[in-house]
Amino acid sequence: MADDAFDLVIVGGGLVGASIAFGLREGGLRIAMLDEGDRAHRASRGNFGLVWVQGKGAGMPAYGSWTQASAHLWPRLASDLARASGIDVALAQPGGAHLCLSRHELDYRAAEIEALLAQPGFERYRIDVLDHAALARRIPGLGPDVVGGTWSDLDGHCNPLRLLDALHVAAARAGVSYRPRAAVRVIAPHRGGFTLDTAAGPLRARRVVLAAGLANARLAPMVGLRAPVVPNQGQVIALERVRPFLPVPIDTLRQTDEGTVLVGDAQRDVGYDESLATDVLATMAARAVRMFPALAGVRVTRAWAALRVMSPDGFPIYAASRTAPGASVVTCHSGVTLAAVHAYRLAPALVADAWPADLDGYSPARFDVRAAA
Amino acid sequence: MFARLPDDPRPTVAFTFDGAGVDARRGDSVAAALVAAGHLAHRLTPVNARPRGPWCMMGACHDCLVSVDGVPNVQGCTVAVAPGMRVETQRGARAIEAAAASPAFAVDDSVVLALDDTGVGDRSDALLDIAVVGAGPAGLAAATVAAEAGLRVALFDEQRQAGGQIHRGITASPLARPAVLGADYWAGGSLVRAFERSGARHGAGASVWSLAPRDDGTLALAVSSGPTAAPRSALVLARAVIVATGALERPVPIPGWTLPGVMSVGAAQILLKTAGVVATRGTVIAGSGPLLWLYAWQCLEAGGTIDALLDTTPRGRLARALPHAAAFLMSRYAAKGYELVRTVRARTRVVEHVDALAALGDDRVEGVRFGVGGALDSLACDTLLLHHGVVPHATLALAAGCDIAWNDAQACFEPVVDPWGGSSLPGVWVAGDAANVAGADAAAPRGALAALAAANALGRFDAAERDRKARPWRAALARALRGRAFIDMLYRPADAFRVPRDATIACRCEEVTAERVVQALRAGASGPNQAKALTRCGMGPCQGRLCAPTLTALVAETCGISATEAGTYRQRFPVKPVTLGELAALPGSAAADAAVLRIDRNR
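Listed in order, the protein sequences are those of chains G and U.
Position one of the first sequence corresponds to residue 1 (the working numbering), numbered consecutively onward.
Position one of the second sequence corresponds to residue 1 (the working numbering), numbered consecutively onward.
Everything labelled a hint here was simulated from the structure, so no lab data went into it.
Values in this document were obtained by computation on a predicted structure and should not be read as measured data.
Misleading hints may appear alongside valid ones.
[To be verified] Here's a subset of chain U near chain G, in silico, CB distances under 10 Å, partners left out:
#1 P6
#2 T558
#3 T579
[To be verified] One-sided and incomplete, this derived list gives chain G residues near chain U with beta-carbon spacing under 10 Å:
#4 G13
#5 V147
#6 L161
#7 A172
#8 R185
#9 R243
#10 G271
We put the CB at the ideal spot given by N, CA and C, even for glycine.
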């Protein structure tokens with residue numbers, strides 16, 4: 001076999017692509033994972049690092065189950081990664097909270113959670129609506145403005161940059177060929193496989209998995225698939241290292257294993273703009289200070305904006321091509337939380353001959369149905 | 001070691017460091033006072049609990065962090081001593097519990113809140129014509145020329161006194177014998193006086209940490225009042241911005257460069273200019289470049305001692321620079337440089353063509369090992385001063401989105417500017433060393449030219465008048481640039497000192513070694529930003545200032561690509577650390593509420 005021919009080419013070296021590579025690393029396939037250069041739209045470098053369950057699945061009960069399955073598989077992923085890469089991804093699942101700063105916010109949140117859990121077919125788990133006093137017993141340092149919030153024992157967080165590193169190291173040790181600076185321009189299906197025209201030269205593959213984030217929208221039609229994803233901007237503020245003070249993650253604020261504190265929030269439809277907006281940073285910072293007043297004097301060392309990969313309904317797109325057999329597409333905006341199911345459940349399906357029925361609901365065909373209705 | 005000059009006229013200020021009494025002089029920074037008293041280690045790092053002391057003395061490196069009156073993580077070089085101040089070693093990461101309850105630490109009476117002083121503060125109706133960032137020669141000239149053109153101008157600078165690093169301390173010098181700094185230093189006085197007469201406002205002690213265009217065509221600057229007890233930030237709006245943020249010393253990542261007692265030459269010069277503190281017996285100075293010789297001369301003139309000067313200018317450089325020698329010999333740099341070098345050589349041991357350097361010691365520097373053509377030697381020392389030239393300090397312009405390009409003669413990235421200093425961003429000019437390192441004589445005319453171009457763009461006068469007014473400045477600039485090609489060629493730092501090896505620290509803040517960065521690059525990290533994501537290099541409080549040039553060099557060498565292809569860190573705001581509370585106090589908006597809260601308020 002020539003150097004540039006593979007059983008499987010994964011387009012995208014972010015968390016989604018690397019999780020799939022990790023899941024398939026010992027399957028005997030010759031795998032290449034393609035990535036862009038030093039500066040690209042990289043959701044996997046800009047994310048927040050939550051392994052999060054509470055609140056997910058409104059409008060698609062199966063996604064609630066999928067997310068719970070991943071949270072349950074995560075300890076296995078963390079220990080497999082430690083063994084295979086030598087890297088500790090700092091997984092902690094002590095439970096987590098969503099905090100509300102007004103009665104109105106709390107009522108809104110409680111109603112959302114109630115509606116989520118009441119969905120027919122929803123795999124129920126416990127989410128508590130707690131008042132200030134009950135939250136304060138679990139979370140030290142809460143400010144008086146925190147009226148209440150919601151809590152789930154299933155929630156946690158990890159170090160997402162070390163997760164990305166660990167996935168890559170483990171895949172590379174198992175022989176997966178990582179190709180940076182190899183942005184894909186054109187994918188041409190032909191009998192028995194695909195030819196990919198990349199910035200680093202042409203490649204041939206029997207199978208192709210598109211895990212290219214926002215670029216999936218452009219690449220999927222080349223293999224008879226659709227991935228109508230658009231960017232949605234989030235912003236993160238990183239504070240200097242402080243001594244451990246926050247033992248549990250909040251969905252908008254967490255202390256990393258390194259001691260830094262991250263404040264992450266905002267959903268902005270600003271296209272491919274990755275610039276920070278000070279009014280948004282100010283709003284995020286003001287809420288963080290109300291949640292934990294002692295953070296007011298702590299310095300911000302960095303801030304960044306990153307682009308989520310959003311489908312029309314916010315849920316993942318998983319699909320295999322009918323017209324170009326061997327091609328599939330994977331896209332989501334929860335690459336950390338879903339890393340475990342992507343590695344252990346989705347990855348095998350992508351190289352099997354039959355597409356599993358429980359993933360049918362993630363086909364982009366669902367958008368056609370809605371448009372027709 | 002360092003010592004105070006004997007004839008310092010300023011009154012004594014007593015404070016404590018880890019409980020022991022220290023005598024300082026009024027106006028000293030905490031870091032300067034500690035170094036003068038022989039305390040070289042100011043903090044223990046949060047990653048490996050290693051002792052550190054100041055490297056830069058100009059607010060960039062964050063190695064002078066101390067606790068002041070219970071407030072943790074204060075940059076000692078930015079805060080003036082006050083009587084009875086309780087200063088303590090910063091041990092690892094700060095605690096947050098102390099922060100809310102602790103009393104505000106006392107600040108020097110002379111501190112003025114820049115934002116009030118400029119009168120722009122939070123008032124949204126106060127639109128400046130031109131905001132100038134940086135009060136060195138470029139910024140002073142720019143603000144002066146713009147104000148004299150009748151424009152509404154404010155100049156912001158993190159120091160309390162105008163002059164920039166080059167003329168640091170010029171309006172409040174502690175030196176009884178000014179001659180030790182040389183005539184060029186005092187020439188800055190006329191720039192400061194012209195600025196003070198010009199009508200431009202002075203935002204002293206104010207750091208600009210964000211610069212972004214707004215939808216209405218104006219530019220918004222976020223300005224912080226800096227390290228005060230209750231820091232606050234405000235947005236300032238301007239129709240044009242002149243970025244004159246000067247230069248930063250290039251990192252010198254040799255083994256042991258993070259040991260207390262190892263400091264940049266620029267830091268030692270700031271100690272002399274601002275605190276009358278001079279290097280004495282036990283000091284070795286090593287590196288290359290004009291500032292190295294200038295400081296050595298100033299130190300000796302002031303009565304200091306330098307045991308040895310290790311000159312790392314590579315063998316053969318002089319020959320390669322010779323084609324540019326004619327212009328150099330006609331410039332005023334030639335006579336001045338000759339005099340400096342001759343004086344220093346007559347009084348100090350100079351070792352030439354040094355091609356290897358390492359600082360020795362465990363918890364502080366105890367010696368230096370150096371090589372010349374394979375022959376190794378070492379010297380005992382307690383102070384090692386390093387310098388390999390300066391590079392543009394343009395993080396504000398970069399974060400705003402100005403295009404940059406690699407300057408191979410000077411081995412650095414610099415903003416791309418037109419002959420007026422105009423950047424790729426409409427309304428933003430970059431002037432002085434921030435755009436291209438050429439020294440103070442070139443910076444002032446470049447500042448003036450940027451101001452003329454901005455005044456023209458704002459409709460103050462037409463292009464013909466702009467060009468007419470520019471003539472004397474263009475002539476001054478041409479004179480100042482004469483001979484620079486010779487200096488650039490002679491002092492371009494040798495690759496051996498740009499690319500660290502093995503366990504040598506590349507990133508001082510996060511304590512990331514060169515070999516860790518190389519390992520990430522070999523594993524496929526495709527540049528500085530990916531290496532940063534995988535190793536944390538560049539993620540600390542200095543925000544990559546002290547490792548960005550190193551990362552470009554490491555990537556280029558390891559990946560076998562050019563510096564242009566290697567690139568540099570993507571800069572983002574805030575370009576100076578500000579507190580979360582400061583950020584929280586900035587104005588929000590309905591759009592921001594919608595983006596963050598995502599609550600249907602009608603439901």
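Quick rundown of the hints versus the structure:
1. Evaluation of the U:P6 hint against chain G yields a violated restraint, the C-beta minimum of about 39 Å exceeding 10 Å.
2. Restraint check, U:T558 versus chain G: the minimum CB separation of about 13 Å is more than 10 Å; hint violated.
3. A hinted interface residue such as U:T579 counts as satisfied when its beta carbon comes closer than 10 Å to some beta carbon of chain G; here the least separation is about 5 Å, so the hint holds.
4. Restraint check, G:G13 versus chain U: the minimum CB separation of about 8 Å is within 10 Å; hint holds.
5. Residue-level restraint check for G:V147 is violated (minimum Cβ-Cβ distance to chain U is 14 Å; threshold 10 Å).
6. With a least beta-carbon distance of about 5 Å to chain U, the hint placing G:L161 at the interface is held under the 10 Å criterion.
7. Here the hint on G:A172 is kept, as its CB sits about 6 Å from the closest CB of chain U, short of 10 Å.
8. At its closest, the beta carbon of G:R185 sits 17 Å from a beta carbon of chain U; the interface hint therefore is violated under the 10 Å criterion.
9. Because the smallest distance between the Cβ of G:R243 and any Cβ of chain U comes to about 5 Å, under 10 Å, the interface hint for this residue holds.
10. Given the 10 Å rule on beta carbons, the hint for G:G271 is violated: about 14 Å separates it from the nearest Cβ of chain U.
Figure legend: structure checked against the earlier numbered hints; hints not met, in rising order: 1, 2, 5, 8, 10.
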